[in-house]
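Fit chains L and P to the supplied structure of chain V, relying on the hints for placement.
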Amino acid sequence: MKKIMVGNHAVSWGVMLARAEVISAYPITPQTSIVEELSVLCADGRLKARFIPVESEHSAMACCIGASAAGVRTFTATSSQGLALMHEMLHWATGARLPVVMANVNRALGSPFNIWGEQSDSLAQRDTGWLQIYCESNQEVLDTVIQSFKIAEQVLLPVMLVLDAFILSHTAEPVDIPDQKLADEFLPPFRPDLRLNAKDPHIFGCLAPPEYLMEFRYKIQQAMLQSKEICRKVDEEFGQTFGRKYGVVEPYRCEGADLILVSAGSVTSTARVAVDALREKGRKVGLVKLRLFRPFPKEELLDIVGKADKIAVLDRNFSAGIGGIFAHEIRAAFCNERERPPIYSYITGLGGRDTTLQILNEVIYQTYERPKPEEQSVWVGLRS
Amino acid sequence: MREGYESTELMYSGHLACAGCGATIAMRYALKAMGDDTVIVLPACCWSIIGGPFPYAAVKVPLIHTAFETGASTASGVKAGLDMRGEPETTVAAWVGDGGTFDIGIQALSGAAERNDDIIYFCYDNEAYMNTGIQRSSATPWGTWTTTTPSNYPKGQPKKNMMEIMAAHRIPYAATCSVAFPEDMINKIQKAKSIRGTKFIHIFSPCPTGWKAPSSLAVKIARLAVHTKVFPLYEVEGGLRYHINLNPKNLPVDEYLRLQGRFNHLSDEDIQKIQESVDREWERLLKKALDTI
Amino acid sequence: MSKQIPLLREGEMPYQPISLASMEWNKTGSWRYLRPRFENKIPPCNEGCPAGQDIEGALVLIGKGRYLEAWDLFKEENPFPAVCGRVCYHPCESSCNRGDFDEPLSINALERFMADMASKHGRKPSLKKREKRPEKVAIIGSGPAGLTCAYHLVRMGYGATVFEALPVLGGMLRVGIPEYRLPKKILGEEIDQILELGVKVEVNARLGDGLSLDELKEYQAIFLALGNHRSRSLGISGEEARGVMSGVEFLKDVNLGKKVELGKRVAVIGGGNTAVDAARAALRLGAKPFILYRRTREEMPAFAGEVHEAEEEGIEISLLTSPVRVISQDGRVTQLECVKNRLGPPDEDGRRRPVEIKESNYTLEVDQIISAIGEEADLASLPKKLAVKDNTVPTDERGATKQTGVFAGGDITLQPHTVVHAIASGKRAAIFIDSHLRKQKWEGLFEALRVGEKGSLSMKRYLQDEKERVPLSGKTVLLKDLNLDYFEYKKRLKMPKAKASRRTGSFEEVTLGFNEETAVEEARRCFNCGVCNLCDNCYIFCPDVAVQKGKEGELNIIDYDHCKGCGICMEECPRDVIVMEVEGR
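Chains as they are written, first to last, in this note's numbering: chain V, 1 to 384; chain L, 1 to 293; chain P, 1 to 585.
Hints were generated in silico from the structure; no laboratory data involved. Please read all numbers here as calculations on a predicted model, not as lab measurements. A portion of the hints provided could be inaccurate.
[Unchecked claim] Once the Cα atoms are required to be at most 25 angstroms apart in a straight line, the calculated DMTMM-like pairs of lysine to aspartate or glutamate come out as:
{"no.": "1", "chain 1": "P", "residue 1": "Lys549", "chain 2": "L", "residue 2": "Asp184"}
{"no.": "2", "chain 1": "V", "residue 1": "Lys228", "chain 2": "V", "residue 2": "Glu185"}
{"no.": "3", "chain 1": "L", "residue 1": "Lys60", "chain 2": "V", "residue 2": "Asp200"}
{"no.": "4", "chain 1": "V", "residue 1": "Lys284", "chain 2": "V", "residue 2": "Glu374"}
{"no.": "5", "chain 1": "P", "residue 1": "Lys490", "chain 2": "L", "residue 2": "Asp184"}
{"no.": "6", "chain 1": "V", "residue 1": "Lys307", "chain 2": "V", "residue 2": "Glu280"}
{"no.": "7", "chain 1": "P", "residue 1": "Lys64", "chain 2": "P", "residue 2": "Glu516"}
{"no.": "8", "chain 1": "P", "residue 1": "Lys120", "chain 2": "P", "residue 2": "Asp192"}
{"no.": "9", "chain 1": "P", "residue 1": "Lys128", "chain 2": "P", "residue 2": "Glu447"}
{"no.": "10", "chain 1": "V", "residue 1": "Lys219", "chain 2": "P", "residue 2": "Glu39"}
{"no.": "11", "chain 1": "V", "residue 1": "Lys233", "chain 2": "V", "residue 2": "Glu280"}
{"no.": "12", "chain 1": "V", "residue 1": "Lys219", "chain 2": "P", "residue 2": "Glu12"}
{"no.": "13", "chain 1": "P", "residue 1": "Lys27", "chain 2": "V", "residue 2": "Glu280"}
{"no.": "14", "chain 1": "V", "residue 1": "Lys281", "chain 2": "V", "residue 2": "Asp309"}
{"no.": "15", "chain 1": "P", "residue 1": "Lys549", "chain 2": "P", "residue 2": "Glu39"}
{"no.": "16", "chain 1": "P", "residue 1": "Lys340", "chain 2": "P", "residue 2": "Glu196"}
{"no.": "17", "chain 1": "V", "residue 1": "Lys199", "chain 2": "L", "residue 2": "Glu9"}
{"no.": "18", "chain 1": "V", "residue 1": "Lys199", "chain 2": "L", "residue 2": "Glu87"}
{"no.": "19", "chain 1": "L", "residue 1": "Lys212", "chain 2": "P", "residue 2": "Glu581"}
{"no.": "20", "chain 1": "P", "residue 1": "Lys551", "chain 2": "L", "residue 2": "Glu183"}
{"no.": "21", "chain 1": "V", "residue 1": "Lys228", "chain 2": "P", "residue 2": "Glu10"}
{"no.": "22", "chain 1": "L", "residue 1": "Lys249", "chain 2": "P", "residue 2": "Glu103"}
{"no.": "23", "chain 1": "V", "residue 1": "Lys199", "chain 2": "P", "residue 2": "Glu12"}
{"no.": "24", "chain 1": "L", "residue 1": "Lys60", "chain 2": "L", "residue 2": "Asp83"}
{"no.": "25", "chain 1": "P", "residue 1": "Lys3", "chain 2": "L", "residue 2": "Asp36"}
{"no.": "26", "chain 1": "P", "residue 1": "Lys491", "chain 2": "P", "residue 2": "Asp100"}
{"no.": "27", "chain 1": "L", "residue 1": "Lys212", "chain 2": "P", "residue 2": "Glu376"}
{"no.": "28", "chain 1": "P", "residue 1": "Lys200", "chain 2": "P", "residue 2": "Asp214"}
{"no.": "29", "chain 1": "P", "residue 1": "Lys128", "chain 2": "P", "residue 2": "Glu239"}
{"no.": "30", "chain 1": "V", "residue 1": "Lys245", "chain 2": "V", "residue 2": "Asp179"}
{"no.": "31", "chain 1": "V", "residue 1": "Lys245", "chain 2": "V", "residue 2": "Asp276"}
{"no.": "32", "chain 1": "V", "residue 1": "Lys199", "chain 2": "L", "residue 2": "Asp37"}
{"no.": "33", "chain 1": "L", "residue 1": "Lys249", "chain 2": "P", "residue 2": "Glu12"}
[As the list claims (entries may be wrong)] Partial pick of chain V residues on the chain P-facing surface, computed with a CB cut under 7 angstroms:
{"no.": "34", "residue": "Arg97"}
{"no.": "35", "residue": "His202"}
{"no.": "36", "residue": "Cys206"}
Positions of the beta carbon are idealized from the N, C-alpha and C atoms, including for glycine.
With the rest of the complex left out, here is chain V (with noise of 0.2 angstroms):
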């Protein structure tokens, strides 16, 4: 069934569809309708879930981690300052192994304040453990909240995925509902065998002294290099069940390409609109879009990107020092190979500013006429 609805929407329905069981989540622009959403659907019956209105965001991952050790399925939402309320128990999720998830729009951190697009809020959480998803339209929205709570109950690690700020949360796309008896097939009821059950009683998250805890942290980082197979898996299952699939890094365009454009979030949408009209110029010009951060893609990656002469990587975010991000995750990720394109870095669009046609072309122009990178990220669009 189609529907026009608001990437946030998206969140909900996927929620309802996913049949998660308790619900806490605190509102915060740009999340909001998200929960408004979510509160409708559990009050008229058709998410059969319990809501509960915490009175912060950390109160709110307090709670999913409560509730998912309880053994239920269970989701939250938020955005920038709520995401970094949280920050010490997303850490504490990981480590207690709880497939909980949430959806983030990614919105700029303060101060000053800024409600617009950013991705610096989840990227700024990515040492928590948690697997990031970046998503690039509604549908996609709504199908990774379907797979990621399939991802988080096989891995035991908690999901994120990731949408922007109004120009996904707030801007209305058809979206393609899938059938709940669907829904159900592909994702069966969340029934752990170790959880707080009375019946057997166990204590969760014991104090573990210096003799343990590098073999329970050593047991995350198997877990998440594990779980990249199992996010392809089941993408693929996915397309396979519903007909749409969306993999780890989506090329585009790349055949023969000598400049490929990485990016993330929906500014891949434009991307692929100035890919083609290059293309059409002659220019061989390709595009990747880069879907799972969290663990970071790295072969698919290098697959794609390794033959081509120069990449330019797309960072909607910043951090103080070193620039873009997803730069540096790429520069680090391909540091030992020995054939890796020199990676160009560009900021551009904080704080919501309009990554526009003509900041992409600039960007590819720019690619073209420097012979090597720049030191630090070009910020591009910058009024100086």
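Then chains L and P, alone, in the frame of chain V:
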């Protein structure tokens, strides 16, 4: 066996508490009162250590460790989860120290109380951040020595009245307990168990280590606290109806203070001041109880 | 108990940190430097009873409604609970710690309750006994000392024969104490229970009057318990007139049922129990007696309760009054000249000497004078070897006299002249006669059998196998040793008495006794000083669950593997049963 005491123990020996720890007596009786169909939510506090490291347990019921300020919120989540799993009869109890209740955890507690989430929230109060080394909390009484309020500059603020805060939330049930009165504690906890909504149990839990008292006096100090009116035993229903459970013997506060090294530096004027404030608070409580009748 | 889990490899670990076993393997007992131990100590009532009765044990049983078993417990030490429950001066009550807290237990009334109940149920004592032995012991005197000695000796297997000068058994219990204080029927029942054990008796057999110590050679040991039956003379002129009799004689006649002519105004001289008994008996016979005593009320040796009852019954007591001269007419008493005293400096027994106030003489019209200023023994018939002095037979701490095989006890020896001391001496003599006849060392027996530090001994312990005997604590528990937080004020339930107006008309018992409800309630006031009564405070308050319940009726058990030695059990034990000792390293 004395009547009223279940012989089933839900707490193991071999735990890591200091000798004479009041918090372990409190946990022992809370578990007896609630029975084995209970889940404990345990944020950072002394009990995080007492419970034992991986892979061991000091209690026989399921328990989840959680971050310091999340006692009430995690408990709310656990309760919701268990309800959705079709196990609504399981008691979910947050077991939190005074730090995690009065200070860092007060937001989560207030949130859960406002939502009237169906949990029993236990605050076992040893009047300082004992686990991290006896630093002051807002539960530390006026004039007390702690490592962050040294003797020549002891705590200058009175103890936060948590019961009043919880009463203001109009939760169905709030009560004070003392480890010296285990039958009273069991009765109140069982009463709390039978009520739906947020229940707050404030347990006075002496810490001989932090209060600089001999380990053998933990129970005696807890009893004197009640009889000197420093920590009266009472219940508040619906935030409005007060019942005092035990008529104190009206002993002078000095009898309670002088057993504890943390009060050694108090002058006679200080003790007088404490006596006056204890008397005033008692009068207020008495008035509320009388108004209830 | 769970085992410690050896260090796991990564592959063996669960994917999240969950508990796999309990902490019980962790023997936190290694932390302690003080170690608790249960040690039952001496309750002060047990120590205060000269007969060494297990009063605390009996009170526990009464409190549970098991008063017949409590009676059995008393009978192990003392064959006369019904008697003592009426006439004893109850030093146990003066020792009772509860007396320093609110009011002492009514132990005396409870002893009588037990005995009355046993009698009501027709219960016979079930006593520990030993095998028969060939030796025989002669006991001279069937008072409380003599009969108690006989009772214990037959339990130990000996033949015992009691020689009694009077035609009736019981000594002062029979002929000294009046019916309204100790009914003869009650006394008779207890004496019968002693005789039923196999004690032989010969009445009308007076030492020195057809019976001599030499004739008793067929007996391997002798116990002298003649008692003090001779009244001291007043030492005033005219006392040989008719109508002047001794209190002892008077009471004996009354108790043996003889008719006594008294007249109306009867002057009773003296301040002891005999004087008060004589006055109250005279009252019941229709006379108008009054008591004259030479010192003040505080110095009167009679039990304060008796004096009070006498006054309730309307008997006047003239204090600081001494008789000076008996005035008679035709050989019959008509008047008594008296003088008033004041108190001077103390006597050799510590009491202030009365000094006559000159010119304060006056005369009283009297029909009868009863002199009761003290009794003494008539020991003329005893052999010189016993070195009688001041009408007392010298004995050592065992009750042994200077003649081997001859022991003495009761009022003829140097000890307080009370029923319970007599009983205690009879029991003590039985123990040491036994050890003498077995030719065993006796010096260690005092230490092994003592109940406290005041000289009382336990027959129950004596009859136990040495291996069975529980080691004795050296400590008697005082009020300051108790944790008073666990005790509430509660009024003592007192022995009910008949109204004074009813009493004066008959010889019926003045004290009425507790009913079951009152007895159980009063017995439950007992603090159980120093003896564990399974209140379970130690179990309840242990922070380490290191005090576990023992078997039914037995002490709790301390789990030394886990006890951290915090001492809360010791502090919260209301009755000082737990001691903390430095852990041996």
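Does the structure break any of the earlier hints, and which numbers would those be? 10, 11, 13, 16, 27, 29 and 33
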